[in-house]
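Quick note, the sequences are listed as chains A and B, same order. Just so you know, the first sequence maps onto residues 49 to 221 in our numbering. Just so you know, the second sequence maps onto residues 49 to 221 in our numbering.
A portion of the hints provided could be inaccurate.
A pair counts as met if it fits within one copy or between any two copies, since identical chains are not told apart.
[Unchecked claim] Only pairs whose alpha carbons sit at most 20 Å apart, straight line, appear in this in silico PhoX-like list of lysine-lysine: (1) Lys154 / Lys192; (2) Lys113 / Lys154; (3) Lys212 / Lys94; (4) Lys142 / Lys212; (5) Lys192 / Lys113; (6) Lys154 / Lys142; (7) Lys113 / Lys212; (8) Lys136 / Lys154; (9) Lys212 / Lys192.
No wet-lab data here; the hints were simulated from the structure.
Number of protein chains: 2
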Amino acid sequence: MPEDVENQEVEETSPETGELEALRNENEELIDTLQRLQADFDNYRKRAARDQESLVARAGERIVKELLPILDDLERALEAADSHEEAKLEDGVKLVHRQLEQLLEKEGLAPVETDGRFDPHVHEALLTQPSDADEGSVIEVLQKGYRLGDRVLRPARVVVAGPKEESPSGNPP
Amino acid sequence: MPEDVENQEVEETSPETGELEALRNENEELIDTLQRLQADFDNYRKRAARDQESLVARAGERIVKELLPILDDLERALEAADSHEEAKLEDGVKLVHRQLEQLLEKEGLAPVETDGRFDPHVHEALLTQPSDADEGSVIEVLQKGYRLGDRVLRPARVVVAGPKEESPSGNPP
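Chain A extracted, bound-state conformation (with noise of 0.2 Å):
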């Protein structure tokens, strides 16, 4: 039996070379798996840049896709100014509105609640102004702000009411 050939061979030799060989046997193995996973490390860097750039390429190429029927439905409302057809205009910019505010939408993007309190996390305070209105309440929004999934990704510019006027012809004491 051929395996028993080979145990009286490692038995003819001394503990001690037993140990050496197996010892230089488990240090080629683990050199060779070193090596081998160091490459594997390599390539796998190298992919991933690659991966990452042609993702990020794509996530880029699919939004511009997206905005290219926008293109179209604004070239023909201009087409439409151009020859004076006032409706088709302004059928043709609403369009493009609603096409433009869904592919926003698709992608996250949320408009900034301005109803009710000023919210120094949301909101960026431009004027504040004597009003009727509770203080500290959003009276005017001059721009719109938008959140991107958690994000605030451009706050609303806002006019938030001052102090109440008094009354010019106040109530006699």
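Assemble the complex: chain A is given as a structure, and chain B must be docked to it using the hints.
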């Protein structure tokens, strides 16, 4: 001298024992290196997956952010339409169109050329019409085509000139 003492100690052991010791140390170091490399690789893989997600999100976010002023101007144009300021509406739409074109150009979008011969790589022939133009030339563009970098994102949909029409009152032979 400490070095000499060390050397003496090594010489006291048999050459095999010295080699065994060296191999055992080498083995331990290899296993250690291997484990660290494996851990680095695992961490790298996890980080790469996270990075890719955020890269894709950011690529979309960048374009979404650039679309906000266009959405603003579109809304301003619609307000002009509401108050029947036709000239302002038209100017607004022209501005929006220019902005959208510039944004898309910056993303690498370029219109497909349609001057000249029909090219199946970038054109889609919807019709062939008898024409005075050279046979096989593009005589009308029904929908603009676009390239993104070196790829055709959308072919131009065109009408192609068929064989020249024979003059109804042909020259006498």
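Now for the hints, and whether the structure bears them out:
no.	hint	result
1	Lys154 / Lys192	within (18 Å within a copy, 25 Å between copies)
2	Lys113 / Lys154	both (14 Å within a copy, 14 Å between copies)
3	Lys212 / Lys94	neither (64 Å within a copy, 56 Å between copies)
4	Lys142 / Lys212	neither (39 Å within a copy, 43 Å between copies)
5	Lys192 / Lys113	between (26 Å within a copy, 13 Å between copies)
6	Lys154 / Lys142	within (18 Å within a copy, 26 Å between copies)
7	Lys113 / Lys212	neither (51 Å within a copy, 37 Å between copies)
8	Lys136 / Lys154	neither (27 Å within a copy, 30 Å between copies)
9	Lys212 / Lys192	neither (25 Å within a copy, 58 Å between copies)
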